[in-house]
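S.K.: Residues per chain, in single letters:
Number of protein chains: 2
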Amino acid sequence: MTIKSYIRSIPDYPKKGIIFRDITTLIKDPLGFRMVIDSFTQRYIKEHTDFDIIAGIESRGFIIGGALSYTLGKGFIPIRKKGKLPAEVVSYEYDLEYGKDTVEIHKDAIKKGDRVLIIDDLCATGGTAIAATALIEKLGGIISEVAFIVDLPDLKGSKKLKNKGYNVHSLLEFEGE
Amino acid sequence: MTIKSYIRSIPDYPKKGIIFRDITTLIKDPLGFRMVIDSFTQRYIKEHTDFDIIAGIESRGFIIGGALSYTLGKGFIPIRKKGKLPAEVVSYEYDLEYGKDTVEIHKDAIKKGDRVLIIDDLCATGGTAIAATALIEKLGGIISEVAFIVDLPDLKGSKKLKNKGYNVHSLLEFEGE
Numbered sequence: 001m002t003i004k005s006y007i008r009s010i011p012d013y014p015k016k017g018i019i020f021r022d023i024t025t026l027i028k029d030p031l032g033f034r035m036v037i038d039s040f041t042q043r044y045i046k047e048h049t050d051f052d053i054i055a056g057i058e059s060r061g062f063i064i065g066g067a068l069s070y071t072l073g074k075g076f077i078p079i080r081k082k083g084k085l086p087a088e089v090v091s092y093e094y095d096l097e098y099g100k101d102t103v104e105i106h107k108d109a110i111k112k113g114d115r116v117l118i119i120d121d122l123c124a125t126g127g128t129a130i131a132a133t134a135l136i137e138k139l140g141g142i143i144s145e146v147a148f149i150v151d152l153p154d155l156k157g158s159k160k161l162k163n164k165g166y167n168v169h170s171l172l173e174f175e176g177e
Numbered sequence: 001m002t003i004k005s006y007i008r009s010i011p012d013y014p015k016k017g018i019i020f021r022d023i024t025t026l027i028k029d030p031l032g033f034r035m036v037i038d039s040f041t042q043r044y045i046k047e048h049t050d051f052d053i054i055a056g057i058e059s060r061g062f063i064i065g066g067a068l069s070y071t072l073g074k075g076f077i078p079i080r081k082k083g084k085l086p087a088e089v090v091s092y093e094y095d096l097e098y099g100k101d102t103v104e105i106h107k108d109a110i111k112k113g114d115r116v117l118i119i120d121d122l123c124a125t126g127g128t129a130i131a132a133t134a135l136i137e138k139l140g141g142i143i144s145e146v147a148f149i150v151d152l153p154d155l156k157g158s159k160k161l162k163n164k165g166y167n168v169h170s171l172l173e174f175e176g177e
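Residue numbers (my numbering), protein chains in the order written: chain X, 1 to 177; chain E, 1 to 177.
Please note: incorrect hints may appear among the correct ones.
For chains that are exact copies, the list does not tell them apart, and a pair is met inside one copy or across any two.
What the hints assert, rightly or not - Using 30 angstroms as the maximum straight-line C-alpha spacing, the simulated BS3-like pairs for lysine-lysine come out as follows:
(1) Lys164 with Lys4
(2) Lys107 with Lys4
(3) Lys107 with Lys16
(4) Lys4 with Lys112
No wet-lab data here; the hints were simulated from the structure.
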């Protein structure tokens, strides 16, 4: 089994014409979950481990980021939706297809010059990931890489991140499917 | 350093008179995070590993549950707020101090007879944890244990869980502090 084969595709979710790529079927399988974490660990244990801390994007990024923080011996920082973090935060508002959204990070989560790996389950239009890079840079952090299990290159999020100069890594793609 | 010493206490959050126990300062420290995951792993790798899968409660339960799923070689199931899961769900509504909340689980997350470890960061009144046990039992699952980093025994959540017959485990307590 490949990692990709564990992912469930749900047609017309959250709306008509969209195919939702659901990782819950991947991570509920012990081997599927292990393959994901081992793939990232292998990458970052070698030459790409030039970061100090891992930032996971709420909520699915927490599952992957938590495991990876353990395997790599790094601390974990949550990037959360507005109003969820208890201490002083910096915020970043960004546009969605309809309306706006805001993500936040604790002000003391990162020190100036810290190198950060950002992790989430899936890259679509890249809005939340770009917001995450902005938050970390507001605090003086440096983005080492932005990593996903799944990239949807048709939606151009990973391209946008690369055009901004960030390293982007994903384990697999769904393209034109 | 003890695990407890890494936890930040925030007075009057989310409202006057409440002391919020913030685990973000614990998990952003590589040693703090490792102590937490190793403590749970030590427990469950020995005689208490009579479960098939780990269910984490959104959102902080995802960070701990993801890491623990990896160390123990188990799959991970998310228990989420209403409307977040893409496939068919079962729901459970429960009372909060003011108003109601609903948690959901995918119908195919658990098979009848599966033994489940439920994990979250903190046990206060126990409302969400009890809702999580109800969801798993609706699907025919059996609760092996409910585990937390922090228990607040003054708020009686862990007592309620024990009175319902569940095994409860926490790494540390804040009591009368």
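S.K.: All the hints need checking, so say for each whether the structure fits it.
M.R.: Going through the hints against the structure:
1. In this assembly of identical chains, Lys164 and Lys4 lie within 30 angstroms of each other by CA distance solely inside one copy; the values are 28 angstroms within and 40 angstroms between copies.
2. When the C-alpha separation of Lys107 and Lys4 is checked against a cutoff of 30 angstroms, the pair qualifies only between copies, where the shortest distance is 22 angstroms, while the shortest distance within a copy is 36 angstroms.
3. Proximity of Lys107 and Lys16 under a CA criterion of 30 angstroms is satisfied inter-copy only: 22 angstroms between copies versus 39 angstroms inside one chain copy.
4. Taking the shortest alpha-carbon separations for Lys4 and Lys112, only the inter-copy value of 27 angstroms comes in at or below 30 angstroms, while the best intra-copy value is 37 angstroms.
When each numbered hint is compared with the structure, no violation occurs for any of them.
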